[in-house]
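Protein sequences appear in the order of chains A and B.
In terms of the working numbering, the first sequence opens at residue 14 and continues consecutively.
In terms of the working numbering, the second sequence opens at residue 6 and continues consecutively.
There could be a bad hint or two in this list.
Said to hold, decoys possible - Computed list of lysine-lysine pairs in DSS-like fashion (alpha-carbon distance at most 30 Å, straight line): (1) Lys-62/A / Lys-82/A; (2) Lys-62/B / Lys-113/A; (3) Lys-62/B / Lys-18/B; (4) Lys-62/A / Lys-113/A; (5) Lys-18/B / Lys-62/A; (6) Lys-113/A / Lys-82/A; (7) Lys-71/A / Lys-113/A; (8) Lys-62/B / Lys-82/A; (9) Lys-82/A / Lys-71/A.
I should point out that these hints are in silico values taken from the structure, not numbers from a laboratory.
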Amino acid sequence: AQSVTQLDSQVPVFEEAPVELRCNYSSSVSVYLFWYVQYPNQGLQLLLKYLSGSTLVKGINGFEAEFNKSQTSFHLRKPSVHISDTAEYFCAVIYDNTDKLIFGTGTRLQVFP
Amino acid sequence: KAGVTQTPRYLIKTRGQQVTLSCSPISGHRSVSWYQQTPGQGLQFLFEYFSETQRNKGNFPGRFSGRQFSNSRSEMNVSTLELGDSALYLCATSPGVSGANVLTFGAGSRLTVL
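Full structure from sequences and hints, please.
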């Protein structure tokens, strides 16, 4: 079955350090890829998306992600995190134009001072 | 432009009761999707509505139902509540049903079943 895997359930990191949140998806003909962020007691907010074109996608708040078709990955990166980046991050995929968005289980990013 | 509005934000029910949650989409958004979020299962797709018709449905029992009105507002209903139904229920809307459309989420309705 097509799925989305976020290998790390929690990622602790110190402020101003770089971070990478990993996301892998099932091999497929075509995919649309998304990263969402959820702050406490809020809904999900789109960070960035890949639909086509350049494999390096830049999003809000200094985040970026790279689509790697050979490794079926879409890892999220930020060169220097801030305390305010503490949140839950979800990778999501739409496979083969099915219109159904499938979410990973989420990664909790905890930034320490 | 107003965001996606979900009501109520918090509610407490007891086992066996039923509950109705409401979602008002952004103006112009005609697609409404519902998700259940729990610590153990993450985000699980419930169903999607477009133009008052259910287009997709997740793997939930028949106790979970929904509908969409002509003004695109949507409601979901859970009957005969169980303890395991305690969750954050998220509504997400988009202009259309194409996969390229980005979902805009509401803040959610947190249901606690005692």
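- 30 Å limit on alpha-carbon distance, applied to hinted pair Lys-62/B and Lys-18/B: With a Cα-Cα distance of about 25 Å, the restraint between Lys-62/B and Lys-18/B holds, given a limit of 30 Å.
- Query: Has the given pair, Lys-62/B with Lys-82/A, been kept, meaning a C-alpha gap of at most 30 Å?
  - Reply: 29 Å, holds
- Task: Please work out if Lys-82/A and Lys-71/A have their alpha carbons no farther apart than 30 Å.
- Result: 17 Å, holds
- When you check the alpha-carbon spacing of Lys-18/B and Lys-62/A, does it fall within 30 Å? 37 Å, violated
- Query: For the pair supplied as a hint, Lys-71/A and Lys-113/A, is the alpha-carbon distance within the 30 Å limit?
  - Reply: With a Cα-Cα distance of about 24 Å, the restraint between Lys-71/A and Lys-113/A holds, given a limit of 30 Å.
- Would the pair Lys-113/A and Lys-82/A pass a check requiring their Cα atoms to be no farther apart than 30 Å? Holds. Lys-113/A to Lys-82/A sits at ~20 Å (cutoff 30 Å).
- For the pair supplied as a hint, Lys-62/A and Lys-82/A, confirm whether the alpha-carbon distance does not exceed 30 Å. 15 Å, holds
- Task: Measure nothing beyond the straight line between the CA atoms of Lys-62/A and Lys-113/A; if it is 30 Å or shorter, mark the hint as holding.
- Result: Within the cut-off at roughly 15 Å; holds.
- Item | Hint consistency between Lys-62/B and Lys-113/A [alpha-carbon to alpha-carbon, up to 30 Å] | 9 Å, holds
Checked against the numbered hints given earlier, this structure breaks only hint 5.
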